[in-house]
Amino acid sequence: MRRHSSVSVLLAILLAGGVAVAQEASPGKDYVTREEYEKLKSQLDKVVQQLDQVQKEQKQAVTQADVDKVVEDIQRDIKENRNLVNEIHQGFNKVLIAGDGAFGFTAQHGSTTTFDAGIAPLILWELNDRLLVEMALDISTSNSTDANTGDPTHDTTIDLVLANISYLVNDNLYVGGGLFAVPFGRYHPHFDPSWINRFPDDPLVFGDRSLAPGSEVGIFAGGAVPIGSTKINYNAYVTNGPNLVVSNTDPDAGPVAGNLDFTDYTDLNENKAVGGRIGFQPIPELEIGYSIQYSQPNPAGFQEVRALLQAVDAQYRRQIDAIRGTIDLRAEWIWSNVSEATYTLQNTPMTFGSDRNGGYLQASYRPSQVENKFLRSLEFLVRYDRIHEPTLVLADGTKLGGNEGRLGFAIDYWLTPNVVLKLAYEFDDKDFGDNANAFFAQCGFGL
Amino acid sequence: MLNKKYVARSLWGAAILWITLSVLVTIGCSNSAPQAPQAATGSAPHEKGSAELWSQTCARCHNIRTPTEFSHGEWQVAMHHMRVRANLTGEEQRKILEFIKSAD
Numbered sequence: 001m002r003r004h005s006s007v008s009v010l011l012a013i014l015l016a017g018g019v020a021v022a023q024e025a026s027p028g029k030d031y032v033t034r035e036e037y038e039k040l041k042s043q044l045d046k047v048v049q050q051l052d053q054v055q056k057e058q059k060q061a062v063t064q065a066d067v068d069k070v071v072e073d074i075q076r077d078i079k080e081n082r083n084l085v086n087e088i089h090q091g092f093n094k095v096l097i098a099g100d101g102a103f104g105f106t107a108q109h110g111s112t113t114t115f116d117a118g119i120a121p122l123i124l125w126e127l128n129d130r131l132l133v134e135m136a137l138d139i140s141t142s143n144s145t146d147a148n149t150g151d152p153t154h155d156t157t158i159d160l161v162l163a164n165i166s167y168l169v170n171d172n173l174y175v176g177g178g179l180f181a182v183p184f185g186r187y188h189p190h191f192d193p194s195w196i197n198r199f200p201d202d203p204l205v206f207g208d209r210s211l212a213p214g215s216e217v218g219i220f221a222g223g224a225v226p227i228g229s230t231k232i233n234y235n236a237y238v239t240n241g242p243n244l245v246v247s248n249t250d251p252d253a254g255p256v257a258g259n260l261d262f263t264d265y266t267d268l269n270e271n272k273a274v275g276g277r278i279g280f281q282p283i284p285e286l287e288i289g290y291s292i293q294y295s296q297p298n299p300a301g302f303q304e305v306r307a308l309l310q311a312v313d314a315q316y317r318r319q320i321d322a323i324r325g326t327i328d329l330r331a332e333w334i335w336s337n338v339s340e341a342t343y344t345l346q347n348t349p350m351t352f353g354s355d356r357n358g359g360y361l362q363a364s365y366r367p368s369q370v371e372n373k374f375l376r377s378l379e380f381l382v383r384y385d386r387i388h389e390p391t392l393v394l395a396d397g398t399k400l401g402g403n404e405g406r407l408g409f410a411i412d413y414w415l416t417p418n419v420v421l422k423l424a425y426e427f428d429d430k431d432f433g434d435n436a437n438a439f440f441a442q443c444g445f446g447l
Numbered sequence: 001m002l003n004k005k006y007v008a009r010s011l012w013g014a015a016i017l018w019i020t021l022s023v024l025v026t027i028g029c030s031n032s033a034p035q036a037p038q039a040a041t042g043s044a045p046h047e048k049g050s051a052e053l054w055s056q057t058c059a060r061c062h063n064i065r066t067p068t069e070f071s072h073g074e075w076q077v078a079m080h081h082m083r084v085r086a087n088l089t090g091e092e093q094r095k096i097l098e099f100i101k102s103a104d
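So the sequences go chain by chain: A and B.
Per my numbering, the first sequence starts with residue 1, numbered consecutively.
Per my numbering, the second sequence starts with residue 1, numbered consecutively.
Calculated from the structure, these hints are not laboratory results.
Keep in mind that this is a model prediction, so the values were computed, not measured.
Beta carbons are placed, not taken as given, at the ideal position from N, Cα and C, and that holds for glycine.
Where hints are given, some of them may not hold.
List time: in silico BS3-like cross-link candidates among lysine-lysine, alpha-carbon distance up to 30 angstroms [what the hints assert, rightly or not]:
1) Lys-69/A <-> Lys-56/A
2) Lys-95/B <-> Lys-79/A
3) Lys-101/B <-> Lys-69/A
4) Lys-56/A <-> Lys-41/A
5) Lys-95/B <-> Lys-231/A
6) Lys-399/A <-> Lys-430/A
7) Lys-101/B <-> Lys-79/A
8) Lys-59/A <-> Lys-41/A
9) Lys-101/B <-> Lys-373/A
To be clear about the criterion: a stretch of chain B counts as covered by chain A if any three or more of its residues have a C-beta under 8 angstroms from a C-beta of chain A, and this derived list gives those stretches [claimed, not checked]:
10) 49-61
11) 65-73
12) 76-84
13) 89-99
Could you build all of it, start to finish, from the sequences and the hints given here?
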């Protein structure tokens, strides 16, 4: 169309010129008449108008906004096509590196103040729509004392915490095997990453005096079944199970005799642990659960010892307009019963069982509905945790075990949904030894 | 010397005061708030929308991650992992993934 107009203009100009030349060639005529002049002027005006029109059309044809829109459309198409390729391409490309990490500062009564850091990468590899490989490491700094020289040593601790594969059987069932997060209670499987745990440390029952398994090696199954507007979720597993500690009397070196060691994945006998958890969500804001694990954890050749672990857990989380924010209440309680056996401690035979229990109750409030961005990013917490453990008195008068309780307060500030700054103070009360009140500052982040 | 029971009661009292003060100070310092979507109470049979499912299910453990944080392929892997770790049904997994992909 544009070319047609340009040709028309050119023809018009040529015509006007031709008329002028013809007039000039006309023998014996030096001037044009008024009529001829007006006619030529009219034609010239038309040519100028057409030229203006053509120039206007050229200006309007392409603007910067048009170019920007086309570029945006092309970029969106590229992104969609790239995502489509990613989705249908199987194998190596379906890898996601996630996990968590933290660095912090601890000032605890009776210990030197210290900075610490750690990272726990989680590698997820989706082989296809049903198969998923999960691998995780726990890498952290550690300080200890050389047993021979008594000099301080500084190590990097690397633990393999997950290495398993799972298969989605149908919408309500998956199975798998390997080293996996044991579904006993909810803290270890769901709440312990540093960007999910609102406190800088674990509750007592999940720390050094642990009553619950973290990861174990075995096979597992699980899933969820909707029932009307409610839902039931379930897990079952068979694993190597925990190991019974038979001789250690130094709490700083790990669990003491009569207790269970959940950190050693090897199986010391022919027996396996069986366990599971069932959870119920009567309303979307509430989940309650019950967990159980039974094992025979004695080393081969030692007396037969049976261990029964049970736990209850509950969580209520709700956004409440009246307080302009969200409350989150969490609680878990664990019972650990290890049957009687005779141990030789400090060259003295001692017969005892180990019945321990403990747990935590945590409440948090986040003003998630206020307009002020700073306030909206804050979260206020209080946690009470406790462990009940029978006291064991050794031949030299050393006391092991005993009860301990803590009350902690924390303020969190969320820089992003997965990066949090935590300030906390814990009041500690224990039966033996100095109370270990502590101040913590930590930055936790999710990868 | 302080009685242990007295100390324990005082600490409990401090805890209750801490929570109450946190709520009151925050309400007092803030302006009127924009209404946020309310979670379903579950009192009547209710077919959950994808957005509602996403905010309720994921937020029970952690803060909601923004949909643009990962590519669609990465979200697929993440949701597969969540299906196993958080015991989601297949339908919940698909609905949440569909919502995340449509939201970026």
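Hint numbers contradicted by this structure: none
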